Every structure is written in structure tokens, then in C-alpha cells.
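Quick mapping for you: the protein sequence lines, in order, are chains L and F.
Numbered continuously in full-length UniProt numbering, the first sequence closes out at residue 125.
Numbered continuously in full-length UniProt numbering, the second sequence closes out at residue 125.
Careful: at least some of the hints might be erroneous.
What the hints assert, rightly or not - Restraint ranges, calculated between C-beta atoms of paired labels, are given here: (1) L:T98 - F:S95: 20 to 30 Å; (2) L:V61 - F:Y74: 20 to 30 Å; (3) L:N80 - F:N42: 48 to 58 Å; (4) F:G8 - L:R105: 23 to 33 Å; (5) L:P79 - F:N42: 51 to 61 Å; (6) L:Q64 - F:V70: 34 to 44 Å; (7) L:E43 - F:P79: 49 to 59 Å.
To be verified - Pulled a few chain L residues facing chain F out of the computed Cβ check, cut under 10 Å: (8) I59; (9) V61; (10) F93.
Simulated from the structure, these hints should not be mistaken for lab results.
From a predicted model like this one, the values you see are computed outputs, not experimental measurements.
For each residue, glycine too, the CB sits at the ideal point set by N, CA and C.
There are 2 protein chains.
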Amino acid sequence: MNKSDENGGRFAYEGLDRLMHEKARLSIMASLYTRVEGHNFNELKKLCSLTDGNLSRHITVLKQAGLIEVIKGYEGNKPNTVCRLTESGRERFKSYLTELEQVIRDAAAGSIVETVDEKRGFSPA
Amino acid sequence: MNKSDENGGRFAYEGLDRLMHEKARLSIMASLYTRVEGHNFNELKKLCSLTDGNLSRHITVLKQAGLIEVIKGYEGNKPNTVCRLTESGRERFKSYLTELEQVIRDAAAGSIVETVDEKRGFSPA
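Extracted from the complex, chain L is given alone in its bound form (with noise of 0.2 Å):
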């Protein structure tokens, strides 16, 4: 790539963390990113619409990566895992937010040229 073009990686978008942009992951992350206290298992399957096998692989991902902590505790008798995001999670979450706001940005912008590019018509040489 030439560095010196300046829109060189303009639509990269090198802040989406692959880690963090995988559909399942990223709705583990959304959920939990609105709730500080975190959610329980079940609580994630349903919100997440993902099943358990599913869930657990990416909440294995997610907690390796040191986004996620896994509490094991009790409610009543019965054993209640509650996930949460870590400091850095949030942290992280936030920053691959705004880089998914730049995608929005950029597609707005976007509906602009496409009026101007009426007005020029395609000519491909």
C-alpha cells in the first residue's frame, strides 16, 4: 500500500477488534456493557438469542482475552455464574463504539455523494 496516498486505509477500519466485531461476541459484550452488575448465564442465552454450547465458547474467548470476569456464586441453593465486563473490557468496548460510529459517519456521508454522483453520471473509460 502507498502510505503516502492519504486516503490510504480510509475504510480499514483497524478499530474494529475481530475479537469484539464477531456477531455472538459483540452481543455478549452490548449486553453486558449495559448492565455493570453483568448478567447470568441464562440471562445472556436469551438476550444473545444463542445457545449453550455457543455462548460458552465465546464466553471462553472473551474471558482468555481479559474482557470478561466469570463469578461463580449461589442465588438460593442454586449455582448462579454472573459475567461482567472487566475494566479494560469497558474500556475496549468503548473505543471499537466509536469506531463503528465512524462506519456510520462515513455511510452518511456517503448518501451525499450519491446525490452528487447523479449529477456526474458513471463513465467507466
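Add chain F to chain L, keeping to what the hints say.
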């Protein structure tokens, strides 16, 4: 999943079509969305910071899905392959963007919860 739970799937983001959500393809779609007449292969490579191989592979996927069209033409004497969104591709990307906006809105609501939760504190029973 208990479908009677009104929060069921609240964070599932079913509208995040995996075809467009994949990071490199999201880059390509966003680049093309902002320019109705499309971009040629080299422009896309730069804008999205992708290698030849990666770009080719993702263009094929997007073309097969009917999201983009690939127009082989000439610029002077040199072959010039231009990619642009199909009408359906533009519509589908718009729907995708609507769902992205929902993620941002949910997160913004989350910042409020954060403040409320500080008062509540965390008690894993």
C-alpha cells in the same frame, strides 16, 4: 429460549448480516456505499488496506451474494476493473447500518445504566 420473555433476543442483532459484518467486507461495502460509480481494484486495495488475494476473495463472495457488480473495462489502454454496489446491495447495506445504529443506541443507554448501577452496587447473592 423462552420466547415469552420480552427481552429475549434483545441483543441478538439479527440484522447484522454476517456476509457484510465480516470486517474486510464491511470495509469494501462502506467504500462502495460512499461512491455510486464505484472504485477500481487498486483504489479498493488502498482504501481498505487489503492485499490482492484478500480483496479478490472478498469481492468474489460479495459478487456471488449479489451485493456488488464487477465491471471490466479500460482506462486508456489499461484494463480497469470497477466494483460498485448493486441496487439490492445498497438496500441491504442500509438495513445493516440501521442495526449498527441500534448497537450504538443500546450502548448509549448503557452509559446511563452504569450510573444507576453505581448506586445499586453489585451483589452476586
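Cross-check of the supplied hints:
At roughly 23 Å, the beta carbons of T98 of chain L and S95 of chain F sit within the given window of 20 to 30 Å. Look at V61 of chain L against Y74 of chain F: about 47 Å separates their beta carbons, and that is not inside 20 to 30 Å. For the pair N80 of chain L and N42 of chain F, the beta carbons lie near 55 Å from each other, so the given range of 48 to 58 Å is met. Take G8 of chain F and R105 of chain L: their Cβ atoms lie about 32 Å apart, and the range 23 to 33 Å holds.
At roughly 57 Å, the beta-carbon separation of P79 of chain L and N42 of chain F lies within the given 51 to 61 Å, and the hint holds. Taking the beta carbon of each, Q64 of chain L and V70 of chain F are about 40 Å apart, inside 34 to 44 Å as hinted. Distance hint check: the CB atoms of E43 of chain L and P79 of chain F are about 55 Å apart, consistent with the given range 49 to 59 Å. Contact between I59 of chain L and chain F, as hinted, is not supported at the beta carbon level, the nearest pair being about 14 Å apart and thus beyond 10 Å.
Nearest Cβ of chain F to the Cβ of V61 of chain L: about 16 Å, over the 10 Å cut. The hint is violated. Given the 10 Å rule on beta carbons, the hint for F93 of chain L holds: about 8 Å separates it from the nearest Cβ of chain F.
Hint check: violations occur at hints 2, 8, 9; the rest are consistent with the structure.
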